[in-house]
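Protein chains: 2
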Amino acid sequence: MSDLSYPKSKTNKVNRLGERGKYDCKTVHEIIASSPVLHVSFSPSPEDYPVILPMIGKLGSFENPSADLSEPLDLYLHGYVSSRIMNLARSSSKDPNDGNLKVCVCATKVDGLVLSLTPNSHSMNYRSSVIFGTASLVTDLDEKLYAMKLITDGVLKGRYEKTRVPPDGAEMSSTQILRVSVESASAKVRAGEPGDYEKDLKQEKLLDRVWTGVIPMYTAYGEPQPSKYNRVKEVPEYIANYVKDTGDAERGYALAAITMDEAGTA
Amino acid sequence: MSDLSYPKSKTNKVNRLGERGKYDCKTVHEIIASSPVLHVSFSPSPEDYPVILPMIGKLGSFENPSADLSEPLDLYLHGYVSSRIMNLARSSSKDPNDGNLKVCVCATKVDGLVLSLTPNSHSMNYRSSVIFGTASLVTDLDEKLYAMKLITDGVLKGRYEKTRVPPDGAEMSSTQILRVSVESASAKVRAGEPGDYEKDLKQEKLLDRVWTGVIPMYTAYGEPQPSKYNRVKEVPEYIANYVKDTGDAERGYALAAITMDEAGTA
Numbered sequence: 001m002s003d004l005s006y007p008k009s010k011t012n013k014v015n016r017l018g019e020r021g022k023y024d025c026k027t028v029h030e031i032i033a034s035s036p037v038l039h040v041s042f043s044p045s046p047e048d049y050p051v052i053l054p055m056i057g058k059l060g061s062f063e064n065p066s067a068d069l070s071e072p073l074d075l076y077l078h079g080y081v082s083s084r085i086m087n088l089a090r091s092s093s094k095d096p097n098d099g100n101l102k103v104c105v106c107a108t109k110v111d112g113l114v115l116s117l118t119p120n121s122h123s124m125n126y127r128s129s130v131i132f133g134t135a136s137l138v139t140d141l142d143e144k145l146y147a148m149k150l151i152t153d154g155v156l157k158g159r160y161e162k163t164r165v166p167p168d169g170a171e172m173s174s175t176q177i178l179r180v181s182v183e184s185a186s187a188k189v190r191a192g193e194p195g196d197y198e199k200d201l202k203q204e205k206l207l208d209r210v211w212t213g214v215i216p217m218y219t220a221y222g223e224p225q226p227s228k229y230n231r232v233k234e235v236p237e238y239i240a241n242y243v244k245d246t247g248d249a250e251r252g253y254a255l256a257a258i259t260m261d262e263a264g265t266a
Numbered sequence: 001m002s003d004l005s006y007p008k009s010k011t012n013k014v015n016r017l018g019e020r021g022k023y024d025c026k027t028v029h030e031i032i033a034s035s036p037v038l039h040v041s042f043s044p045s046p047e048d049y050p051v052i053l054p055m056i057g058k059l060g061s062f063e064n065p066s067a068d069l070s071e072p073l074d075l076y077l078h079g080y081v082s083s084r085i086m087n088l089a090r091s092s093s094k095d096p097n098d099g100n101l102k103v104c105v106c107a108t109k110v111d112g113l114v115l116s117l118t119p120n121s122h123s124m125n126y127r128s129s130v131i132f133g134t135a136s137l138v139t140d141l142d143e144k145l146y147a148m149k150l151i152t153d154g155v156l157k158g159r160y161e162k163t164r165v166p167p168d169g170a171e172m173s174s175t176q177i178l179r180v181s182v183e184s185a186s187a188k189v190r191a192g193e194p195g196d197y198e199k200d201l202k203q204e205k206l207l208d209r210v211w212t213g214v215i216p217m218y219t220a221y222g223e224p225q226p227s228k229y230n231r232v233k234e235v236p237e238y239i240a241n242y243v244k245d246t247g248d249a250e251r252g253y254a255l256a257a258i259t260m261d262e263a264g265t266a
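Residue numbers (this note's numbering), protein chains in the order written: chain U, 1 to 266; chain A, 1 to 266.
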């Protein structure tokens, strides 16, 4: 495991329950990488409400494509060419490669409901990552193709090459890719058993009466359902493997988390 | 089903793929209500990055406690008394009941991966809700207790009364509740089969080669795992029922979504 970490700063520091804060690239990036949807926030103007958009995005490095999740990476987000966030990114800088639309990107995975003796000590097992960075439009065609493949394969490994590629002219121009240069990031992880106050743990009648423990929660995958126009009789192996492996990993983590310590160490 | 809807405005209107936009209270509120974690965004200052916090929150009405999800509701968020968002809400107004911290709250449920013939027509089945409103600290003790019960029971129905309640003085003062007055909201729903372009559906070789369809995705619940200090031998019925009913509902929706039209109509 790499030791590369995001420096702690005012922007990314986990203040509340700081022992749950994680700054190493691998932990921060893995949560983002395994989340099907990311929540992306931007401020249209100081007078407006901040806006959150659910978007699909994946981490990668166009300049160093073999970089893994423990290394510095950019975040590529996929959207429609004339959507509000794309227009803002376009107008926020004269040079579209010089992004200065500030964004915050967050992904959260809930791993379990943690049930304790009192409402206030109830919790959830979870993993969340937050990234702060500046977004700019990807204008280089090679980088755009790189990001399209990264995103498609990031959702379902190996899918890109199995489909009709490369995207044609109309597809290339209707799809816009945003590159977020990551300035700062951190993760917060809660795992383990319930944590009750000593004063409650001494109450015999309370202990006799209240069930305490963890209800594991995880993302599950059902049997792939063919479309009406599908002609491929068997579900291909790379899809069947994805469903099995990802499902097993999600379920496995939720169960393993219960025996970790509160900060998520096995 | 109630017809009460959020008026369309510049703030909440779904521009891209507008046919997926929903404005009725019931649809918008149900997505929020069934999400274990909400993403809450605020802007500390125009110079700073926007911030997203994963928070636990539930919809309710202190003044009209019997209101259901098809009616106008406030959103109650739960947090630590000295956390950044609480401090901002406190300092943003002289009268703490007169909140003017603008927030955006978003919840997204992914119901399936939609695999089509080309990378660009790939999609996800999903339901997302976004709420825009102003946040203020709840200072009235009765309203705070109402919100604590609302949130605990909103996560796991019936749990509050089964535990050691009411919260004691230390618990009341270390926990802060934020009330978000909802100004505007909307939902966006994608369901159904893949949607491929006519030009691709005419390519016989492509149809013979690429598996198309939907991989259902849903939140699953594992067997409740007792804590080390749990003494209640059987998992109580209200917990066992929650695990079964919620799990069935989540899985059921993900499968049902595949046969809905793209905008999520059965």
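A couple of the hints might just be wrong.
Below, in silico cross-link-like pairs of lysine-lysine (BS3-like), each with a Cα-Cα straight-line distance of 25 Å or less [claimed, not checked]:
1) U/K162 x A/K202
2) U/K228 x U/K202
3) U/K144 x A/K162
4) A/K202 x U/K228
5) A/K149 x U/K149
6) U/K233 x A/K199
7) U/K244 x U/K162
8) A/K244 x A/K26
9) A/K162 x U/K244
10) U/K233 x A/K205
11) A/K26 x U/K149
12) U/K202 x A/K244
13) U/K205 x U/K228
14) U/K205 x U/K162
15) A/K228 x A/K157
16) U/K26 x U/K8
17) A/K157 x U/K162
18) U/K13 x U/K26
19) A/K26 x A/K228
20) U/K205 x A/K199
21) A/K205 x U/K205
22) U/K157 x A/K244
Cβ pair distances, simulated, as ranges [unchecked claim]:
23) U/E204 x A/E19: 15 to 25 Å
24) A/A240 x U/R84: 37 to 47 Å
25) U/A263 x A/R231: 22 to 32 Å
Pulled from the structure, derived: some chain A residues nowhere near chain U, Cβ distances all over 12 Å [to be verified]:
26) P7
27) K10
28) E30
29) N64
30) A107
31) V165
Derived by calculation from the structure, the hints in this document are not laboratory data.
Here a beta-carbon is modelled for each residue, glycine too, at the ideal position from N, C-alpha and C.
Tested hints:
Note on U/K162 and A/K202: the hinted pairing holds, with a Cα-Cα distance of about 17 Å set against a maximum of 25 Å. Among the hinted pairs, U/K228 with U/K202 is inconsistent with the structure: their alpha-carbon atoms are about 61 Å apart, more than 25 Å. At roughly 55 Å between alpha-carbon atoms, U/K144 and A/K162 are farther apart than 25 Å, so this suggested pair is violated. Among the hinted pairs, A/K202 with U/K228 is consistent with the structure: their alpha-carbon atoms are about 14 Å apart, no more than 25 Å.
Between A/K149 and U/K149 the alpha-carbon distance is near 47 Å, which puts this suggested pair outside the 25 Å criterion. Straight-line distance between C-alpha atoms of U/K233 and A/K199 comes to about 22 Å, which keeps the hinted pair within the 25 Å bound. For the given pair, U/K244 sits about 19 Å from U/K162 by alpha-carbon distance, which is consistent with the 25 Å threshold. With a C-alpha separation of about 23 Å, the suggested pair A/K244 and A/K26 falls inside the 25 Å cut-off, and the hint holds.
Restraint check for A/K162 and U/K244: the C-alpha separation of about 38 Å exceeds 25 Å, so the hint is violated. With a CA separation close to 14 Å, the supplied pair U/K233 and A/K205 stays within the 25 Å bound. Straight-line distance between C-alpha atoms of A/K26 and U/K149 comes to about 38 Å, which puts the hinted pair past the 25 Å bound. A threshold of 25 Å between alpha carbons decides the hint, and for U/K202 with A/K244 the separation of about 32 Å lies outside it, so the pair is violated.
Distance check on the hinted pair: U/K205 and U/K228 sit about 59 Å apart at the alpha-carbon level, beyond 25 Å; violated. Straight-line distance between C-alpha atoms of U/K205 and U/K162 comes to about 61 Å, which puts the hinted pair past the 25 Å bound. For a cut-off of 25 Å, the pair hint linking A/K228 to A/K157 stands: about 24 Å separates their Cα positions. Only pairs whose Cα atoms come within 25 Å are accepted, and U/K26 paired with U/K8 is accepted, the gap being roughly 15 Å.
The suggested pairing of A/K157 with U/K162 is violated, with an alpha-carbon distance near 45 Å, which exceeds 25 Å. Under the criterion of a C-alpha separation no larger than 25 Å, the hint pairing U/K13 with U/K26 is consistent with the structure, at around 17 Å. Under the criterion of a C-alpha separation no larger than 25 Å, the hint pairing A/K26 with A/K228 is inconsistent with the structure, at around 40 Å. At most 25 Å may separate the alpha-carbon atoms for a hinted pair to count; U/K205 and A/K199 exceed this at roughly 70 Å.
This hinted pair does not check out: A/K205 and U/K205 have alpha carbons roughly 70 Å apart, beyond 25 Å. Restraint check for U/K157 and A/K244: the C-alpha separation of about 32 Å exceeds 25 Å, so the hint is violated. For the pair U/E204 and A/E19, the supplied restraint of 15 to 25 Å is violated, since their beta-carbon distance comes to about 60 Å. Between A/A240 and U/R84 the Cβ separation comes to about 45 Å, which falls inside the hinted range of 37 to 47 Å.
Checked against the hint of 22 to 32 Å, the C-beta distance between U/A263 and A/R231 comes to roughly 27 Å, which is consistent with it. At roughly 15 Å from the closest C-beta of chain U, the C-beta of A/P7 stays outside 12 Å, upholding its exclusion from the interface. The claim that A/K10 is not at the interface with chain U is violated, since a C-beta of that chain comes within 12 Å of its own (minimum 9 Å). Interface exclusion of A/E30 from chain U stands, the closest Cβ pair being 16 Å apart, more than 12 Å.
Under the 12 Å C-beta cut-off, the non-interface status given to A/N64 relative to chain U holds; the minimum distance is some 23 Å. Residue placement check: A/A107 does not keep its beta carbon more than 12 Å from all beta carbons of chain U (closest about 9 Å). In this structure A/V165 is not separated from chain U by more than 12 Å, as the shortest Cβ-Cβ distance comes to only about 6 Å.
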